[in-house]
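Enquirer: Model the placement of chain S on the given structure of chain F, informed by the hints.
These protein sequence lines map, in sequence, to chains F and S.
Read in order, the letters of the first sequence are residues 0 to 575 in numbering that gives the first Met the number 0.
Read in order, the letters of the second sequence are residues 0 to 373 in numbering that gives the first Met the number 0.
Mixed in with the good hints, there may be bad ones.
[As the list claims (entries may be wrong)] Straight line, CA to CA, 27 Å or less: simulated DSSO-like cross-link-like pairs of lysine-lysine: (1) K121(F) - K110(S); (2) K88(S) - K41(F); (3) K41(F) - K185(S); (4) K110(F) - K110(S); (5) K109(S) - K23(S).
Derived from the structure by calculation, the hints contain no laboratory data.
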Amino acid sequence: MNNFSDANQTAEIISDMSFLYELSLSIGRSLDLVDNCEKFLKILMPRKNYSYGAIWIKDKYLSNLSETENTTLIYAKPRYYIRDTEMPLSHPLFTEVAGRDYATINSRDRKFSSFINEHNIKEGTFVILPLGQLGFLKIYTANKDYIYDDRTARKMRSVLDKFAISLEGCLSHENLIAEIRQRRQTETELKKAREELETRVQERTCELVALNQDLLAEVIERKKTESSLRQLQAQYQALVENNPDIIMRFDKELRCLYANPAIEFVTGKLAEDVIGKCIWDMDFGIEKDKTLQKHLMSVIESGEQLRFESEQAHSHGVRYYQTHFVPEFANNRAVVSVLGISRDVTEHKLFEKEIARLDRLGVVGQMAASIGHEVRNPMTTVRGYLQLYQRRLTSVKDRETFSIMVEEIDRANAIITEFLSLARNKAVDLKKNNLNEIIKVILPLIQADALHRGNSINVELGKIFDLRLDEKEIRQCILNLVRNALEAMSDGGVVTIKTYIENEDVVLSISDEGKGIDSRTFDRLGTPFFTTKENGTGLGLAVCYSIVARHKAKIDVETGSSGTIFYVRFADENRE
Amino acid sequence: MINMYIKHSTISNIVKAVIQLSVKEDTVVLLAIADKNKPDIPELIRQLNQTDVTFIGGIFPGVIDGNNCYEEGTKLFVLPVIEQPLLVKNISQNSFQLPEWANSMEKAGKKYMAMIIIDGFSSNISGFLTNVFDSLGGSVSYIGGGAGCIQKHQPCIFTPEGFFQDAAVIAVVRSEGLLGVGHGFKRLAGPIIVTRTYDNVIAELNWENAFTVYKKIVERNCGQIVTMDNFLEFSNDYLFILTRECSEDVVRTPIGVRLSGELIFFCEVPENTVLYIAKGEQNSILEAAGQIGRGHQGLLGESIRTTMVFECMGRRAILQEKIELELATVNDDLIKNFGVGLAGGMLTFGEIASDGNGFLEYYNKTLVVGAFYE
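Here chain F stands alone, though its shape is the one from the complex:
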């Protein structure tokens, strides 16, 4: 009996030893927390036929859950029973075992249900074993008669302590790994951030360099543009400032905002004296100021451009102006100012008149050429018969009548002769002549005529070069001009005949001391058959223009209240 008992005891000891040996060697074979738990329960549960094993760790030992007063389920087998994975430390499951080596409760105990935090467990036995300070091992067996006594607890104590230490090692390892991972992650993130920063700095630097280059290019371009603008502005300013046209700008109150220096020529006022003044305060002395105001107002009100012509009397004659008013708009299309450009078109006007006069001369000349021959021939026949019949007459009275008839035919013939000289294509006999010499030849005749009229002739002949002239025609021209001058004056007047060189042209001037020519007459000077004389034919001055034209010379006229001057300018091409 004793032998049997000893054998059983030995077998039991061997069984316990082998169990503790297996369990002990299963501990700490892995630094992975879950793996360590799995290996431990894989030995413990089959050997003891436990149905469920669960390992709970206090949160304060789990680095990522250190703030809570809970425990967390780290590992359990089989997972079929797992329900709660987090429990407060105040739960009876844990308070029951506080300060003890173990706690056991079976389903016969009323408190059993408060220990259940798993699925599908209704009866059996729970054993709660502390794992040092770290946490707890919860064991379940369906056997409600299972006994876990003090002896069993003592057998398991050292193994469980070792298991707890190994779990601490795992946690430390995990924490270390986590720290290393965190550090590596931080380093990686830092490296990445640094690289990104460097990349961004490089990109930004490249952008700034590019931007800088663009800016430099823009500055250079802007300087070029500014320089061009300044040049352009200078050019425009020069154009405007030196423009003979008057350029002015008026605001809506007709105040002058700008005027170029050309205004001085017309008004005698400096531009700076005009700028800032209203048009009615400018005192231009222009007769038609009110018309100008009216036109300006019209442009401001209508917003439409306006062109008009005006004339102004000057001490040296009438000047003609063509003015163009251009409205200037704000963004809302309202007129804010008016740009005015006035051009002196006097020369143009005179040229037009000259052209018109020449045209008229041309027409009359052609008529004269065509009809002169046809009229003269019958007149010659009539004259011949008149002289024949005159000789046969015996009555003195009849003879005087016939003599008058012949004289009238001669006068008509003379008129036709003059008329014929208007013809543009009349043949001229140009020869080397000196204008002074021609004057000297006809001077006695002229002086006799002047004397007869109670006037006198003043001759001032300058040194001039020879010209290619038709002496007969030039003589006629001088005679006509001098006669006109004499007829324009009252008694005691002096006609001055001058020759001189001006701008390489030989100039013949014949001036009188008459009362001048009114503008209406002035415009029609040289028109055939236009005359202000009671017995004039209106051909004298017209013939002069024709002769001068055939010599490719030019007649200018200046007139005023103190008299009139006719200039005959022989161009250089007449020079011999």
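Expert: Quick look at chain S alone, frame taken from chain F:
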């Protein structure tokens, strides 16, 4: 639960029998087909698929009808199930995911019996069973065994989906069950510590060459010379057991030896495990069969729906023709305790049995008897 033995495993016989069984919708037909003269399984599957009957099955080295063991024929069981059977393929790759059945088990309110038929030659059977237990836990009892052909590792599991190797099929039978597990092997030497292992190979025992230690113990017991050449003549009788408290010890049979002296097993043996070398004697093994029904007395006969046995092929090798004597012992024991005899079963390569309390173990050289009751 209907069961039937078909002597000749022709396709027509099997299909005809299945049709005659008038299987209901929520039932499944378990076909245990003996390897010898087995039919063309893919063709059988094709024809069975035309019957609208749900079926699972395996190829076994033998089938059992009553207390008779046959090398030929087919044993059919019609089992009511709570879910469609689950086929798990490629169990050796350990990549399978079992469904979460906990809720449906909880709703049932009863501890049903999960039947597992597995390719007994697959590796990672322990891993698979751990995974199954992880999913189902103590919600069910477990019973089952390993199918296979003794000649070589080949397809041995079939379902309407096909014929598979390295696979398992699980069917939860709508019935509670009682389990009897026994092997009858007696400790001969030990404790011995498994000091170096890998996979299902033990390299060292007690820090010495595994074969050397094994040979020394066996030779001392039997008085014969054990060599690597005659190793298999002894390995069926001299095997290893892992001790368990409150449950049957687990038997591990060496199935080969390498020239390096490493011992090869069906299942892996954890390193640092303490085990014993045990010897099986016909008498002690037969005695184990008589122990199986004990502790389950009191159940009324009419509540037992059927009984089933998973008899290890290794036991037959030991018992020879006395296998039927063992089965008769079991039959008598069942009749004695429950008033119902043994319906039948199959010879297996490894057995599964657990009431759900404790880990799900894969036994060798073990006799597992299940009684399904309502």
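Enquirer: If a hint holds in the structure, say so; if it does not, say that too.
Expert: Do the hints match the structure? See the list:
1. K121(F) - K110(S): Within the cut-off at roughly 13 Å; holds.
2. K88(S) - K41(F): OK: K88(S) and K41(F) at ~25 Å, within 27 Å.
3. K41(F) - K185(S): 25 Å, holds
4. K110(F) - K110(S): Holds: K110(F) and K110(S) sit about 25 Å apart, inside 27 Å.
5. K109(S) - K23(S): 22 Å, holds
The structure agrees with every numbered hint stated previously.
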